[in-house]
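Visitor: In case you want the letters, here they are:
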Amino acid sequence: MDNALTDIVKIEYLQPDKAEFSLKNGYIALKNDQTEYDRVFLHRCFPNELTEEYLSVLDRDNNEIGVIRRIDDFPEETRELLRGELKRKYHIYTIKAILSINEKYGYSYWKIKDSEGERDFTVRDTYRSINRITGDRVTVTDVDGNRFEIPSLEALDRRSRRKIEQYL
Amino acid sequence: MLYYEPSGAVLTDPAGHGNMIEISKFREEASAALLKRGIRPEDIVVFAETDLALDLNHASVYIVLTETKLYVLEGQTAISGRPGKLRKKAAVTRTFIETDLAEYEKEQVKSPAIEELISAGYLTIEYSGGTRRIAAMTRTAMRDMRLFVKYAGKYLEDGSTETDPEDFKDDRFCPKCGRRYPDPNRKICPVCMEKTKIYKRLLQFYKKYRWQMLAVLLSITALSALGVIAPYVSTSFFYDKILTPGTGWFGQIAFVLALIVGLRLLSTLVTSLTGVISARVSAYVTYDLKRTIFTAIERLSLSFFTARQTGGLMNQINNDANTIYWFFCQGVPDFLKNVVQLIAVFVIMFIMNPLLAGCAAVIMPLFAYVVWRIYRRMTTLHQRRYASSRSMNSALSDALSGFRVVKTFAREKDETERFDKRSRRLANDARNVTIFNNTAFPFASFIMYLSNIIIWALGGWMVITGAGGMTYGKLMAFIAYVGLMNEPMFMFVDMIYWFSDCTNAAGRLFEIADAEPDVTEAEQPVSLGEMQGEVEFRGVEFSYDKARKVIDGVSFTVEPGETLGLVGHSGAGKSTLANLLMRLYDVNAGEILIDGVNIKELSFSELRANVGIVSQETYLFVGSIADNIRYARPDASFEEVLTAARISGAHDFIVKLPDGYDTKIGFGYKDLSGGERQRLSIARAVLLNPKILILDEATAAMDTQTERRIQEALTLLSKDRTTIMIAHRLSTLRDADKLVVIENGKVQETGTHNELLIQKGVYSKLYTLQLEALKNIGVEE
Ligand SMILES: Nc1ncnc2c1ncn2[C@@H]1O[C@H](COP(=O)(O)OP(=O)(O)OP(=O)(O)O)[C@@H](O)[C@H]1O
Ligand SMILES: [Mg+2]
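So the sequence lines, in the order shown, correspond to chains C and H.
According to our numbering, the residues represented by the first sequence are 1 to 168, in order.
According to our numbering, the residues represented by the second sequence are 1 to 781, in order.
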């Protein structure tokens with residue numbers, strides 16, 4: 001079944017031998033089969049599960065140029081380039097410890113510690129703003145749309161875990 | 001010139017800022033750091049601050065546009081001294097330590113813009129032929145950066161420094177405590193919300209029932225008094241008087257029995273009476289409360305609902321109202337009873353033996369505290385169980401409401417598993433609660449019991465030594481009284497949670513009741529009288545959320561009686577334009593005029609009576625077909641209903657139904673086909689007979705023949721009616737006098753069918769494509 005489906009419609013994959021990525025003014029430029037793009041954008045199709053596979057490459061007007069099946073298919077230099085851009089685009093703050101969660105009427109005020117120090121933020125709809133990704137990875141989105149990540153609930157200290165547990 | 005932040009840090013000379021457009025606060029340390037680089041405050045045209053360095057690490061970054069250059073000064077702000085709470089003022093000194101400075105020649109800087117990442121963002125400019133990222137920001141700083149883009153962009157383009165004061169009001173923070181408002185649309189700070197106010201408001205609802213409430217209070221006091229007398233009669237009085245010779249009461253057992261039974265009966269009667277009254281009053285109050293909330297909700301604008309889940313909202317209101325019900329129906333009377341009881345017990349105990357009473361007064365609260373600690377654990381368990389039960393319910397309602405999809409994809413097994421998993425989790429959590437109940441409660445009781453034992457021991461010792469005039473009977477009374485104190489102690493612990501639950505519930509409810517609709521009716525509406533039906537969109541801009549303009553400068557006019565066709569790709573913004581004309585949302589910029597009057601100045605009733613819509617999503621209420629058609633005009637006669645149904649083509653299928661117009665439809669009743677539902681929606685709009693009719697894909701689910709018939713009927717009717725027709729099937733629009741092609745929220749082309757074909761633009765392309773498609777299958781139009 002699945003095979004039949006992928007046979008009918010072919011996804012436009014970017015071929016490592018034809019697609020040339022380069023850095024231009026801090027942006028990624030692409031030369032694909034004679035067509036040149038001075039600025040392209042990467043977008044993970046499955047940001048939660050696959051971080052280096054199925055990357056949609058978009059042009060300035062958000063039209064898809066093609067899909068990168070797997071970063072590893074590309075030469076070392078390109079890999080570095082793409083990874084750097086992905087890292088910037090998907091940059092997210094990592095919660096190292098939860099100092100307090102103060103809940104009032106469904107809203108909550110958080111005090112956390114990240115790699116650079118303590119930080120406060122406000123969350124609108126506590127239950128729905130906490131997103132369980134896979135296993136014990138969790139993200140929290142604040143009023144402004146900033147995202148904070150807990151890479152592993154297990155790895156969190158007991159006190160922090162106790163604080164967030166009741167909202168999961 | 002522009003100088004907001006009246007309560008902000010002291011700036012030595014506000015006037016010295018010259019004409020600076022101060023988007024972020026221009027603090028002293030910024031001024032000093034920039035001066036070091038030779039940038040004087042009076043040279044600055046636009047100033048803004050962001051919070052991420054280009055490497056996306058936290059930093060203080062000043063973005064400064066002067067008459068000749070654009071500077072990006074990166075650094076760290078060191079804060080020393082006593083920090084204030086969030087935004088509250090504090091005795092601190094701030095120093096800026098520079099790490100990097102970038103300069104750009106103003107003449108070469110073009111089109112500043114914001115590039116949104118997943119959680120952060122970049123400020124970009126066009127510089128010497130390419131796009132560059134020059135600074136980064138968190139979503140929190142994005143507001144300021146957007147303003148920077150706006151004003152810097154304007155200045156770079158034509159040198160104008162005009163500002164809109166609205167942009168400089170930062171009302172994202174509670175003025176009292178400096179915390180963020182959790183909901184940007186509603187300025188309510190949950191921390192500063194006054195609890196006493198909440199209760200005062202709640203009590204308002206009880207005002208109507210004050211006599212009943214007074215009766216409840218009185219009987220509660222009576223009850224407690226009775227409760228306190230009873231042990232005295234059955235112990236101290238019994239042992240020391242009845243059973244002790246020479247007291248005058250000696251041997252009167254029958255009397256004391258009658259007294260005990262009588263007291264008991266009396267207290268039972270009073271208890272049930274109180275129960276009945278408070279249950280009744282609370283039920284009425286809850287009803288009043290729910291009605292108030294529901295009225296408030298009906299008044300709110302559409303955006304309130306899209307920001308929340310409607311189902312969740314109704315659930316929440318119900319739960320909250322119930323919480324309040326139980327709090328007042330049971331919690332408060334119980335609480336009062338226990339307070340009175342506790343006080344009475346203490347008083348009696350003090351009279352009987354001050355020494356022992358004093359001991360009890362110290363020991364009991366101590367143990368109550370231990371019990372409270374145990375309780376705390378309990379609430380977490382309860383919360384967890386509550387969450388699991390919610391998640392199970394949502395899985396269940398999901399599967400049931402989407403049952404058709406579940407069946408068609410043969411996913412019954414997976415759904416069962418999904419349900420099973422959650423159901424098992426609930427079972428686990430429920431088990432934990434029960435286990436905890438069965439272990440912790442006996443344990444807690446045991447602790448309370450221990451405290452009683454201590455008092456017994458003390459009392460026993462007093463009886464033996466005769467200290468403080470203690471007698472055997474008194475000791476028995478004491479023991480009974482100590483027992484009476486256990487319940488209030490437990491109750492008070494319970495009350496802490498009950499109280500905060502109720503405050504939360506009431507707070508949430510009042511929040512809804514107080515929410516301001518974003519679309520408000522004009523206070524003194526203009527009346528058009530007889531509407532002509534001219535519609536004009538003038539430079540309309542709109543976005544659902546600030547991030548993306550869905551409608552971007554749309555202008556067009558529809559003459560009275562004209563039929564306008566709106567065409568465009570899916571997601572272009574056609575339905576949004578219809579929503580705006582209906583005032584389900586308000587435009588962000590520009591205006592919409594009917595007969596030359598801004599629709600914001602019309603009353604809702606006049607607008608809605610004259611503008612009818614058949615929307616893309618048909619919605620039918622549970623009820624008969626006739627009721628559904630009559631929805632907009634419940635007073636319509638049978639004949640009118642019939643005519644409307646005829647025009648919309650609904651009559652044909654309705655008469656075939658055994659119950660005709662009385663057939664019940666809607667959730668749980670007869671299901672109609674997509675086209676049938678649409679015809680009912682059209683009938684509903686036709687019955688309203690509005691001057692302006694919007695048909696948003698109103699006939700998309702019907703075959704072309706049925707569509708044709710309906711359109712002919714509508715045309716007959718629409719001689720002097722303005723019609724706006726939205727359709728993907730271009731043949732639907734063949735009768736349109738004029739077509740407007742929308743692309744990405746902008747008007748791409750305007751003209752008649754023929755004019756647009758000649759233009760060879762988007763429309764002609766769409767038309768050719770559709771024509772070819774039809775030709776391919778052998779249909780010629
Ligand atoms: N309530 C909403 N909140 C946020 N975005 C919305 C909302 N409704 C619509 N949008 C977005 O606004 C854009 C325009 O939507 P609109 O419904 O006006 O399109 P349309 O032209 O009617 O499309 P279609 O032909 O598919 O009906 C879409 O990108 C859509 O995702
Ligand atoms: Mg639509």
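Calculated from the structure, these hints are not laboratory results.
Beta carbons are placed, not taken as given, at the ideal position from N, Cα and C, and that holds for glycine.
Accuracy of the hints is not assured; some may be wrong.
Stated by the list, open to error - Quick list of in silico lysine to aspartate or glutamate cross-link-like pairs, EDC-like style, CA-CA up to 20 Å:
1. C/Lys-111 x H/Glu-42
2. H/Lys-746 x C/Asp-144
3. H/Lys-106 x H/Asp-167
4. C/Lys-87 x H/Asp-51
5. H/Lys-110 x C/Asp-38
6. H/Lys-150 x H/Asp-55
7. H/Lys-549 x C/Asp-61
8. C/Lys-24 x H/Glu-116
9. H/Lys-549 x C/Glu-77
10. C/Lys-163 x H/Asp-501
Said to hold, decoys possible - Example chain H residues on the side facing chain C (calculated, C-beta under 8 Å, incomplete):
11. His-58
12. Ile-118
13. Ala-120
14. Thr-131
15. Arg-133
Visitor: Given the hinted pair H/Lys-110 and C/Asp-38, is their Cα-Cα distance within 20 Å?
Guide: holds (17 Å)
Visitor: Taken at face value, is the distance from the CA of H/Glu-42 to the CA of C/Lys-111 at most 20 Å?
Guide: violated (39 Å)
Visitor: With 8 Å as the cut and Cβ atoms as the points, is H/Arg-133 at the interface with chain C?
Guide: Hint holds; H/Arg-133 Cβ to chain C Cβ min 5 Å, cut 8 Å.
Visitor: Please work out if C/Lys-163 and H/Asp-501 have their alpha carbons no farther apart than 20 Å.
Guide: holds (19 Å)
Visitor: Can you confirm whether the C-alpha distance between C/Lys-24 and H/Glu-116 stays at or below 20 Å?
Guide: Roughly 19 Å between the alpha carbons, so the hint for C/Lys-24 and H/Glu-116 holds.
Visitor: Does H/Ile-118 pass the interface hint, meaning its C-beta sits closer than 8 Å to a C-beta of chain C?
Guide: holds (5 Å)
Visitor: Can you verify the interface hint for H/His-58: is its Cβ closer than 8 Å to any Cβ in chain C?
Guide: Status holds, d = 5 Å.
Visitor: Do the alpha carbons of H/Lys-549 and C/Asp-61 lie within 20 Å of each other, as the hint requires?
Guide: holds (15 Å)
Visitor: Run the distance test for C/Lys-87 versus H/Asp-51: straight-line Cα separation, threshold 20 Å.
Guide: holds (18 Å)
Visitor: What's the verdict on H/Lys-106 and H/Asp-167, does the C-alpha distance respect the 20 Å limit or exceed it?
Guide: violated (24 Å)
Visitor: Tell me if the interface restraint on H/Thr-131 is satisfied: Cβ within less than 8 Å of some Cβ in chain C.
Guide: holds (6 Å)
Visitor: Taking the least C-beta to C-beta distance, is H/Ala-120 closer than 8 Å to chain C?
Guide: holds (5 Å)
Of the numbered hints given earlier, the model fails hints 1, 2, 3, 6, 9; all others are met.
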